[in-house]
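S.K.: Given next are the chains, with one letter for each unit.
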Amino acid sequence: MAKAAEMIKSIQVLYFAILREQRGLSRESLATAVGTVGELYDELRGKHGFTLGGEHLRAAINDEFMPWNAPLKSGDVVTFIPPVAGG
Amino acid sequence: MAKAAEMIKSIQVLYFAILREQRGLSRESLATAVGTVGELYDELRGKHGFTLGGEHLRAAINDEFMPWNAPLKSGDVVTFIPPVAGG
Amino acid sequence: MFKLSHEPLDPTALKAALANPQAGACVTFEGWVRNHNEGQAVRALEYEAHGSLAEKEGAKILEEARQRFSLVAASCVHRVGTLALGDMAIWIGVTAEHRDAAFAACRYLIDEAKARVPIWKKEHYAGGSSAWINCARREV
Amino acid sequence: MFKLSHEPLDPTALKAALANPQAGACVTFEGWVRNHNEGQAVRALEYEAHGSLAEKEGAKILEEARQRFSLVAASCVHRVGTLALGDMAIWIGVTAEHRDAAFAACRYLIDEAKARVPIWKKEHYAGGSSAWINCARREV
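Listed in order, the protein sequences are those of chains R, X, H and B. Under this note's numbering, the letters of the first sequence match residues 1 to 87, in that order. Under this note's numbering, the letters of the second sequence match residues 88 to 174, in that order. Under this note's numbering, the letters of the third sequence match residues 175 to 314, in that order. Under this note's numbering, the letters of the fourth sequence match residues 315 to 454, in that order.
For reference, chain R alone in the conformation it holds in the complex:
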């Protein structure tokens, strides 16, 4: 039980653009047992029905772009970045 509790991480997620609209909010705090950013997206996609597959996204942790398989730790702020279209 103690071990399982340690694996639960508190994560903040920021949503932008189509993800923000599909989630219906810009930011949420959640607890998760998954290990990587990519796994977190899959979990959230299953729950909220995001239309974009993970292969179309980049991820940032604490304002740094990170690989899709980057490990999560408690307290991380995660952003999923849909294809950008500035300019």
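Okay, the calculated bits of chain H under chain R, using three or more residues with CB under 8 Å as the criterion:
{"id": "1", "segment": "219-227"}
{"id": "2", "segment": "283-291"}
{"id": "3", "segment": "294-303"}
Everything labelled a hint here was simulated from the structure, so no lab data went into it. This structure is a prediction, so every number in the text was calculated from the model and none was measured. Where a beta carbon is used, it is the ideal one built from N, C-alpha and C, also for glycine.
Position chains X, H and B against the provided structure of chain R, taking the given hints into account.
M.R.: For chains X, H and B alone, coordinates are given in the frame of chain R:
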């Protein structure tokens, strides 16, 4: 005599930049017996000591760029164009 | 300097900030809101940005341009919020001693900004529909 | 439109004249008087033009750019007379639906203008000497 007189052409020459400074004027009217633009430059260079060789110049007749061997006719306005340097 | 702006961009002021007697060439790029895109009549745009990450990535792109090209200065400002037709979405200005570097760097900056900076565009069409561009097109 | 101007150029007004909701990209090139050239300190420049021929050749270059690239509009103005450090010698503005054409055309216009338009530049140096540039360098 009549034939020789017919070959004499009245030409106006416009000078710009280094040629204007070396000639000491912007425009002159002259009479010449030469047949082409290039020959006219050689004649003027001999007279006024222009430092630029003809191979560095382009020529215009009546506001049209023309080849160096373009024939002259009476009434033409000739410009010798030193290497340009706009922009 | 890379910045986001909620206010209309002022290219005259932005360019004035680049004035420098070392520079012989200034190239600017402006992105304007077009009245059409891929056959649809556009009536307005929204730009949304991840502010902190966008300014960080933008600064990185400017630093890359300074490393790659012989520049005097470079700056870039991107508008966010709702834009009307003809409004300026992005302004990029580059100065250099010579034009080769100024053109190449300006092109580098807009290409990289479009590819990498976390800014998203939603087009609103004359018919009332809208779509996030590049963002898995869907009508909402 | 290609024009010569004896007055300082006004890039804000020149660019405003290009505004068009068809255009998504605007690229401008400005040539500024640098404070140095090939190791010499410059204090001022003079530009002299063959006015009628310059405007004719400039119009031809703009027409070539319109043929080669998919543009919305393009214009170019070159200053003549005496210019101080930092003054703008040339302004070129190009608009297009997309940036590829705008960049390529702007580059084409400045390259061709420099190579072909009958305008000459005399540099005045800090030491008091001067020279026609590209014009068989000599001190006068």
